[in-house]
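With these hints in hand, go ahead and build the complete structure from the sequences.
So the protein sequences, as listed, match chains A and B.
Position 95 of the first sequence, counting from 1, maps to 95 under this note's numbering, and the rest follow consecutively.
Position in the second sequence (first residue = 1) + 273 = this note's numbering.
None of these hints come from the bench; they were simulated from the model.
Bear in mind that the values here come from a model prediction, so they are computed numbers and not experimental data.
Glycine included, each C-beta is placed from N, C-alpha and C at the ideal position.
A portion of the hints provided could be inaccurate.
[To be verified] To give an idea of the chain B side of the interface with chain A (calculated C-beta under 10 Å), a few residues:
1. 301
2. 465
3. 468
4. 598
5. 599
6. 602
7. 605
8. 606
9. 614
10. 615
[What the hints assert, rightly or not] In silico negatives: residues of chain A with every beta carbon more than 10 Å from chain B:
11. 15
12. 17
13. 50
14. 53
15. 105
16. 116
17. 136
18. 152
19. 153
20. 161
21. 261
[Unchecked claim] Beyond 12 Å from chain B on every Cβ pair, some chain A residues (computed):
22. 4
23. 23
24. 102
25. 139
26. 147
27. 166
28. 168
29. 174
30. 178
31. 193
32. 265
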Amino acid sequence: MADVVRFASMGTRVELHRFGAGEDDALTAAQHAIEAVDDALTIHRPSATTALNERLMAGKGAAIDDALLFDALVKIEELHASTLGLFDPAADRRFASAGWSAIAFDRGAARVEVSQPVALDFGGLGKGFALDRACAVLREKGVVSACLSAGESSIAVVGEHPLGGGWPFAIPSPLRPDEILVEIELTDESVSISSTVGAGTAAPERAAMIRPADATIVSVPRCSVAIDRLGAHAEAMSTALLVADEDRAERLLNGDRTRRFRFDFPCGAAIPD
Amino acid sequence: MTDKDFDLSRRSFIDRVLMATAGAGMAAAAPWASAAALAAPMAKGDRVRLGVIGTGDRGRALIQNIAKTRNCTVAAICDNFELHLAKGRALVDASTRAFTDHRAMLDAGGLDAVVIATPLDGHKQHSFDAFDAGLHVWCEKAMARTIDDCGAMVKKSQDSGKLLQIGHQRMFKPTYLNAVRRAKEGEIGAITQIRASWHRQSSWRRPVPAGATDRQINWRLYRDSSAGLMTELATHQIQVGNLFFDAVPTRVMGSGSICFWKDGREVYDHVALIYEYAGGRKLIYTSLLNNARYGCEEQIQGSKGTIEPELGRIYQELPPKELALLRMQADVASGHKRTVPIGGATWFAELPVTTPGDSLGWGEYDETMLQFEGFGEAVRTGKPLPGLLSQAYYASVASLLGEQAMDSSQILNWPTSLVAT
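Below, the structure is given as structure tokens:
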């Protein structure tokens, strides 16, 4: 059996493809899991995150009542550390000194305090975080083979390819789609692709990639790819690789050169006609 | 605009109509348009004398367009509401006779034809009275409040030997005529669906001035006098559908409701219908009064492209893509494992095309004037503009059949007892 659901969420188009075993309502349940993350983490309509941001931007602390938001904050704290501080959803072009370091997250008390006004943007984490929860639901529902896509840059797979072995994907150059940057195989993994160039990066709703250290925009033509067991980790790593300087990029890449990639393109490269 | 400017733009407009209607295919598809465009100018004293019944907003717009023609003149006006009559007087010469009763206007003589711009439920009686007075009739759409009354008007016109022309300005608009020509030439392939909508953000309720009643001013909102969105808006667009499909519907189904403006009105403020045509082709129609996002448009959808005449755009279909994720499903089903490219043009399917398309061309000017020049020519020659009445008749019938389908919650077949045109 093979089935698919397609829907809009997380500001993008989501497709969930399931092959073989699993309960009938598995895909519907996975869709609900993704939509629940969107409802909690969106900053584009009223949500637990927008309510939190109102407090944080006023320089005030806040209790974290929403379980999904709490889990996301736990994940951010972990990923901020594991990416050498380069993944920072509180970095803000408006305030160069803003960032995760201005936030004190007390897990035990489920409370956030801030030392200066900041706001959280889960755009760099949300899709992977949501796919992780959808994968978990699918596994609970007995699904052993599935491919999940959120936009053109976030993929997660459950189990092996229905014909056996890993899921084969090719990642084209964002500047020359006919050229392949890297071919990968995934098994129970996620991949995240980040880029400063290519179709979609100029879309009005897309925020520029900024360096947490000084809130400057990363303007060098670059693409990064990260594979991880968890989508949230892959998202954070691809973002970190994109904004990292040479030294820290090497340190991150050395963590796993078969699962992390960074491609720099010639300066002045542009989207081809 | 100076007279010279007007003459130049008029000439350009007529040239475009003639260009759009040139060729054998168009001569058959829209024969009325070129006939109207070739109307002979007439000396002021020889022009077709029109008596306008109804000088409300629409009637006054018609008076202004008649004044632009080179073969018609307003010889009398009539309205039973003094405020409207006074506004009508302001648009015509002081010597133009004004009446509060249309029978008195007909009895006074001195007319060749009447122009009827009254509430829908008056169209039949006003046209009958004019025919009985030996006059030709130009009547606003829709034709009448019932399908039987529409047929009766056609029959009365035939029996009296007088012309009946119904106002459908899109049938004279160069953009539409050019769109039909390009469709006839196969540019958008086989047309299998038309999506048409007229969406407004408006209650449609007008303030009632002193001396008038609500039903007099807001007659569109009450069933005795109107079928609401169907007769006032849909009839235009169904006519466009018939024109592009070159057919009348075979049956109609629909749903209507008063779901937003619950203000005592009797007609639907939200309608959704499917008109089926031979071969499974469909006109999907919606009209509503609480959301104007998609406005007024007809999307003519063919196998090779789409035409949106209100926007004046034509879009070519892109070659079908081999979609990456869709292909993955097919590969697995056939036991074939191959690498899936992430991202790029083939990653996702079925999103709306957001390309701007190409200009259809020729959108400006007021085609209502041309309707009257065509009517003036028809009166002068005694020959109706070919094909025009049947287009209007079928559009009115279709709009009223749609109302019946919604009222009865039934699928209704195209009537077999219509008057032959």
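Now for the hints, and whether the structure bears them out:
1. Taking 10 Å as the C-beta contact cut-off toward chain A, the hint placing residue 301 of chain B at the interface is violated, the least distance being around 43 Å.
2. For the restraint placing residue 465 of chain B at the interface with chain A, the shortest Cβ-Cβ distance is roughly 24 Å, beyond the 10 Å limit, so the hint is violated.
3. Look at residue 468 of chain B: its Cβ only gets to about 21 Å from chain A, farther than 10 Å, so that hint breaks.
4. With 10 Å as the threshold, the beta carbon of residue 598 of chain B comes within range of chain A, its nearest partner Cβ sitting at about 6 Å, so the hint holds.
5. Nearest Cβ of chain A to the Cβ of residue 599 of chain B: about 9 Å, under the 10 Å cut. The hint holds.
6. Interface hint status for residue 602 of chain B: upheld, as the beta-carbon distance to the closest one in chain A is roughly 6 Å, under 10 Å.
7. The beta carbon of residue 605 of chain B comes within 5 Å of a beta carbon in chain A, closer than 10 Å, and the hint placing it at the interface holds.
8. The interface hint given for residue 606 of chain B is met, as the beta carbon of that residue sits about 7 Å from the closest beta carbon of chain A, less than 10 Å.
9. Because the beta carbon of residue 614 of chain B sits about 5 Å from the nearest beta carbon in chain A, less than 10 Å, this interface hint is met.
10. At about 5 Å, the closest approach between the beta carbon of residue 615 of chain B and any beta carbon in chain A falls short of 10 Å, and the interface hint on this residue holds.
11. A Cβ of chain B approaches the Cβ of residue 15 of chain A within 10 Å, the least distance being about 6 Å, so the stated non-interface status is violated.
12. Remark: the non-interface label on residue 17 of chain A conflicts with the geometry, its nearest Cβ contact in chain B lying 6 Å away (cut-off 10 Å).
13. At roughly 25 Å from the closest C-beta of chain B, the C-beta of residue 50 of chain A stays outside 10 Å, upholding its exclusion from the interface.
14. Listed as a non-interface residue, residue 53 of chain A keeps its Cβ farther than 10 Å from every Cβ of chain B; the least gap is roughly 29 Å.
15. With a minimum CB-CB distance of about 33 Å to chain B, residue 105 of chain A clears the 10 Å threshold, and the non-interface call stands.
16. Taking the minimum C-beta to C-beta distance to chain B, about 37 Å, the non-interface status of residue 116 of chain A holds against the 10 Å cut.
17. In this structure residue 136 of chain A is separated from chain B by more than 10 Å, as the shortest Cβ-Cβ distance comes to about 22 Å.
18. The non-interface label for residue 152 of chain A is inconsistent with chain B: the shortest C-beta to C-beta separation is roughly 4 Å, within 10 Å.
19. A beta-carbon of chain B is positioned within 10 Å of the beta-carbon of residue 153 of chain A; the least distance is around 7 Å.
20. Interface exclusion of residue 161 of chain A from chain B breaks down, the closest Cβ pair being 6 Å apart, not more than 10 Å.
21. The claim that residue 261 of chain A lies off the interface holds: its Cβ sits roughly 13 Å from the closest Cβ of chain B, which is beyond the 10 Å cut-off.
22. For residue 4 of chain A, the shortest C-beta to C-beta distance to chain B comes to about 7 Å, within the 12 Å cut-off, and the non-interface label is violated.
23. Chain B leaves residue 23 of chain A outside its interface by the beta-carbon criterion, the shortest separation being 20 Å against a cut-off of 12 Å.
24. Look at residue 102 of chain A: its CB is around 35 Å from the nearest CB on chain B, clear of 12 Å, so calling it non-interface holds up.
25. For residue 139 of chain A, the shortest C-beta to C-beta distance to chain B comes to about 20 Å, beyond the 12 Å cut-off, and the non-interface label holds.
26. With 12 Å as the threshold on Cβ separation, the claim that residue 147 of chain A sits away from chain B is violated: the shortest Cβ distance comes to roughly 7 Å.
27. Its beta-carbon lying about 10 Å from the closest one in chain B, residue 166 of chain A breaks the requirement of being farther than 12 Å from that chain.
28. A cut-off of 12 Å between C-beta atoms contradicts the statement that residue 168 of chain A is not in contact with chain B; the least separation is 4 Å.
29. With 12 Å as the threshold on Cβ separation, the claim that residue 174 of chain A sits away from chain B is violated: the shortest Cβ distance comes to roughly 8 Å.
30. Distance to chain B contradicts residue 178 of chain A as a non-interface residue, since its nearest Cβ pair spans about 9 Å, not more than 12 Å.
31. Against the 12 Å criterion, residue 193 of chain A falls within the reach of chain B, whose nearest CB is about 7 Å from its own CB.
32. With a minimum CB-CB distance of about 16 Å to chain B, residue 265 of chain A clears the 12 Å threshold, and the non-interface call stands.
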